[in-house]
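Trainee: The residues making up each chain are set out below.
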Amino acid sequence: MSLVQNNKEIIYRPNTINELEQIINSTKEKLTFVAGATDLMVQQDKWKSANNLVDLKSVKEISEKIEARTDGVLIGAAVPMSDLMVDATIKEKFLILVDACRQIGSVQIQNRATLGGNIANASPAGDSLPVLNVVNADIWIGPQNNGEFEKLKVDQLMTGPGETRLNNNCYISYIFIPFPKQENLFWYFRKVGQRQALAISKLSLAVLGWKNGKKIEEIRISAGSVSPIVRRASKTEEILNARILDKELIEKARKSIEEEVTPITDIRSNAEYRKRICGELLREALYNQLSFIERQ
Amino acid sequence: MKIKMTINGKQIELNISSKERLLDILRENLGLIGTKESCGKGECGACTVLLDGRRVNSCLIPALQLEGSNVVTVEGLEKWKSFKSIERAYIENGAVQCGFCISGFVMSTAALLNECSPPVCLDEIKQALGGNLCRCTGYTKILQAVQELTNQKEIIQQIQEDWRDEFGSK
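Taken in order, these protein sequences are the chains called A and B. Each residue of the first sequence is one higher than the one before, starting from 0 at the first, in numbering that gives the first Met the number 0. Each residue of the second sequence is one higher than the one before, starting from 0 at the first, in numbering that gives the first Met the number 0.
Hints in this document: simulated from the structure, not taken from any laboratory. Misleading hints may appear alongside valid ones.
[Stated by the list, open to error] Derived SDA-like pairs: lysine to any residue, alpha-carbon spacing no greater than 20 Å straight-line:
{"id": "1", "chain 1": "A", "residue 1": "K56", "chain 2": "B", "residue 2": "Q143"}
{"id": "2", "chain 1": "B", "residue 1": "K3", "chain 2": "B", "residue 2": "I15"}
{"id": "3", "chain 1": "B", "residue 1": "K18", "chain 2": "A", "residue 2": "L30"}
{"id": "4", "chain 1": "A", "residue 1": "K246", "chain 2": "A", "residue 2": "Y286"}
{"id": "5", "chain 1": "A", "residue 1": "K29", "chain 2": "B", "residue 2": "K18"}
{"id": "6", "chain 1": "A", "residue 1": "K47", "chain 2": "B", "residue 2": "G39"}
{"id": "7", "chain 1": "A", "residue 1": "K90", "chain 2": "B", "residue 2": "S116"}
{"id": "8", "chain 1": "B", "residue 1": "K18", "chain 2": "A", "residue 2": "N17"}
{"id": "9", "chain 1": "A", "residue 1": "K45", "chain 2": "A", "residue 2": "K90"}
{"id": "10", "chain 1": "A", "residue 1": "K59", "chain 2": "B", "residue 2": "E66"}
{"id": "11", "chain 1": "B", "residue 1": "K18", "chain 2": "A", "residue 2": "L2"}
{"id": "12", "chain 1": "B", "residue 1": "K125", "chain 2": "B", "residue 2": "Q143"}
{"id": "13", "chain 1": "B", "residue 1": "K125", "chain 2": "A", "residue 2": "R101"}
{"id": "14", "chain 1": "B", "residue 1": "K125", "chain 2": "A", "residue 2": "K47"}
{"id": "15", "chain 1": "A", "residue 1": "K59", "chain 2": "A", "residue 2": "E8"}
{"id": "16", "chain 1": "B", "residue 1": "K125", "chain 2": "A", "residue 2": "I199"}
[Said to hold, decoys possible] Derived, one-sided and incomplete: chain A residues facing chain B with beta-carbon distance under 8 Å:
{"id": "17", "residue": "M40"}
{"id": "18", "residue": "W46"}
{"id": "19", "residue": "K56"}
{"id": "20", "residue": "S105"}
{"id": "21", "residue": "V106"}
{"id": "22", "residue": "G192"}
{"id": "23", "residue": "A196"}
[Unchecked claim] Pairwise CB distance ranges, derived in the manner of DEER restraints:
{"id": "24", "chain 1": "B", "residue 1": "D164", "chain 2": "A", "residue 2": "K234", "range": "54 to 60 Å"}
{"id": "25", "chain 1": "B", "residue 1": "D164", "chain 2": "A", "residue 2": "M0", "range": "28 to 34 Å"}
{"id": "26", "chain 1": "A", "residue 1": "A270", "chain 2": "B", "residue 2": "E77", "range": "47 to 53 Å"}
Heads up, the beta-carbon is just placed ideally off N, CA and C, and yes, glycines get one too.
My request is simple: use the sequences and hints to build the entire structure.
Mentor: Structure representation (structure tokens):
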């Protein structure tokens, strides 16, 4: 580990999770964890006032590890998105995540930005968050308690725009994504922004589901930038689960999600547009499947 | 803090503030003013450099993460054998107007050429250059220049060779 101290600033660069947790457990100061820094450095006040910085990129267990396990994939919280996008397991099992990462910022951003950062920054517009919701990802949070990380879902970890339960120097170590059943799986991700690259979303929609003939066996839906906390649209999911997919059902689902989301008007878009387009995106996702069924 | 790093092939040691941006280190400490600052928040790509074989916005890289790293700016790229071809394509296609964004575009072009396997479609080029903004050209001529480059196997081979010499093979 390297440690630099000057004036009132302390910089920690631990090499292992052990070293990292020793730092956390031995200080009373508020630590600021730095992963890709692509969100942190543009928040000037936060960045300038952070006096105790801990580099997570120096912890290789967190910044380089993508591990295929029997039941899922374990991704280091500080692994850059461009590494995820080319990982064989992730490409095979989670194209939806590859698709979402490709639409974040630009290649320059993807080369630095991380899932852990996207989660900890807790922006309702964080593009990976709806996807992490529908793939049912577990966010692993340290420091460990008896060798165990605490595990939370994105919508449990996030408590509001920019706010999370990561208090008392808690940090994100890994993201675990269980392999979804591949048979009859379908997915959809679409981000709507002013332009394709380098634009913060007006809204986004992620859908993951399973079909059984004409029936939607199970569906998971999560929209970004339409509520303070990025969560699943469970009422709309209920309407679709275990039903035969037809035009009538699609209309019902569209209306439902428009009522379920609670967007605001801000510089990027307005509440009415976001509601309306959220419904339209879900309609597109479902019509894709309907036309697929009808062609069979 | 003291850091040791390589910039454009030269090993250097710096004594700087840990929150200093790579962009400022390049421009203010080292006089490498080919790298430009425009937005300063990762939205325009004018400050794009190659860091350990990846292109990044140098305005979003803090000094504290630079220990042991290898950075190539447009001044370093200029010494690559393949640079002349990129330069020529930009000039011949009239892809440069005010020029402020161009060093960033050239870095992204080099990265695209290193990663691509021809034939390269226009969408792929647009995706690769999506992180660079130009307010003069309307992009058409820049895209033309880059497309011309991606059609030439020898240039791609040369870039890949230069890239390996600089960053090693991964």
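Trainee: Provide an ascending list of the numbers of those earlier hints which the structure does not satisfy.
Mentor: Violated hints: 1, 8, 9, 14, 15 and 22; rest satisfied.
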